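The whole structure should be built from the sequences, with the hints applied where relevant.
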Amino acid sequence: MANALIRSSLLAIGLSGAALPFPGVSADFAPGNHVIAGSRAADLEHCVRETSFMRRNHMELIEHQRHVTVHEGVRATEYGLSGCVACHVSYDREGQPVPIYSEGQFCETCHEFAAVELTCFDCHATVPAHTDAEARDEVAPQSGGQAEADVAPVSAVPAAGMEVARAPHELRKEVGD
Amino acid sequence: MTMNERKEQVDAGRRKVLGAAVGVASVTAAPGVVLHTLAVAEPRSKPVTDSVRWGMLIDSSKCAEGCDACVTACNKENGLDLQARPEGEDAAKWDRQVAKWIRMVKVQDNLTGYVSRLPMMCQHCELPPCVDVCPTGASFKRADGIVLVDRHICIGCRYCMMACPYKARSFIHEVVKVKLTRAPRGKGCVESCNLCVHRRDNGEASTACADACAAEGQGAILFGDLKDPDSPLMKALAALPSREIRGDLDLNTGVRYTGV
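Chains A and B supply the protein sequences, listed in that same order.
Following our numbering, the numbering of the first sequence begins with 1 at its first residue and continues without gaps.
Following our numbering, the numbering of the second sequence begins with 1001 at its first residue and continues without gaps.
Think of the hints as simulated: they come from the structure by calculation, not from any bench.
Just so we're clear, the structure is a prediction, and the values are computed from it rather than from any experiment.
Note that CB positions come from ideal geometry on N, CA and C, so glycine has one too.
Interface residues of chain A toward chain B, partial, derived using beta-carbon atoms under 10 Å:
no. : residue
1   : E63
2   : R66
3   : V70
4   : H71
5   : E72
6   : V74
7   : S82
8   : V85
9   : T119
10  : D122
11  : H124
12  : A125
13  : T126
14  : P128
15  : A129
Looking from chain B toward chain A, a few residues come up when the C-beta cut is under 10 Å (computed):
no. : residue
16  : P1043
17  : R1044
18  : V1048
19  : A1143
20  : D1144
21  : L1148
22  : V1149
23  : H1152
24  : V1175
25  : A1183
26  : P1184
27  : R1185
28  : C1189
29  : V1197
What follows is the structure, encoded as structure tokens:
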């Protein structure tokens, strides 16, 4: 009898514990949190597909796209990785793009939370291709263009007119109370 | 109800009607707009076909001593100059290992002493040995004749580097911090000249090296379509005696040399 009581109360505790994180999860990744003002993404209701689909399946789209691009030379589609970066990257106070896989940024925040390591940015650029950068003389490699250590997380330096990408713990604080 | 209020009401009604009209118009117009965009951006939106085969003719006699415009342009175009030597790395070792897409090869005739300069890059063979030996299918030939590495699949075994008779391929030994969007690059994969594949996909006319050589006034590199008899490249190939390097291997290279 006592055992049954303990078991059921443990179960109750377990269930309540299990139930709690879920509102937190959905709140952490509320749509638009990392979409910066003035970007292409800011004017859109959702990404290239609906948000719930993108959250679960963006990697499938990217993986299919990479094959089509590398082997068939098709680049004018909406599922390319450079599109993700162009739309979702945020900018520091000087107007320089902050590498998208550095701490607190769009890709890193979610993958860190989900404990998924991605290798896209071992090779791919973490800042958008704008004409200056690609025509080169680059987003100054020395002054920290993509050298991730040199760039302060955007949450630390809110830029005027720019929506700030927030780290999950900040959001959790807002929502949880 | 004052006049002003009534006016506002009418305006609101008009707005609704106009809004609906715009909505209908945009829905009907949308397919047309999309089609138009596709037509304009056709080079980027259509799979490449074998109706073209990209190639080059390099006139060695026009290649000027001391000029490295093609190498510099290639490095800049494809982000090769962004590779950084790790601290403490031996300079000579780094120079041997750093990825280069164009090597300047000098060949001297032992009897006459005549020196030919050959900008040497991937020769884009019709029958590429690198593709034959690749265990994963990462090294492949595109429909338009460009031989390149799908670095998503490359495991960095470097078999292709050993198979290539032209020493055209490089292995990325170090982490690459700064990358270009048009030229991804990372530690552990093999790469080589891809005839500026991003330019091909964008429908641009030439390669970085050919442009740079022309800008220097040498005009030693001619890029074009080997399947179009009317292209400047094919006309030049028809008019000049040209050769494949290591023609004995019967690889039918896409890059040909003259004045060697």
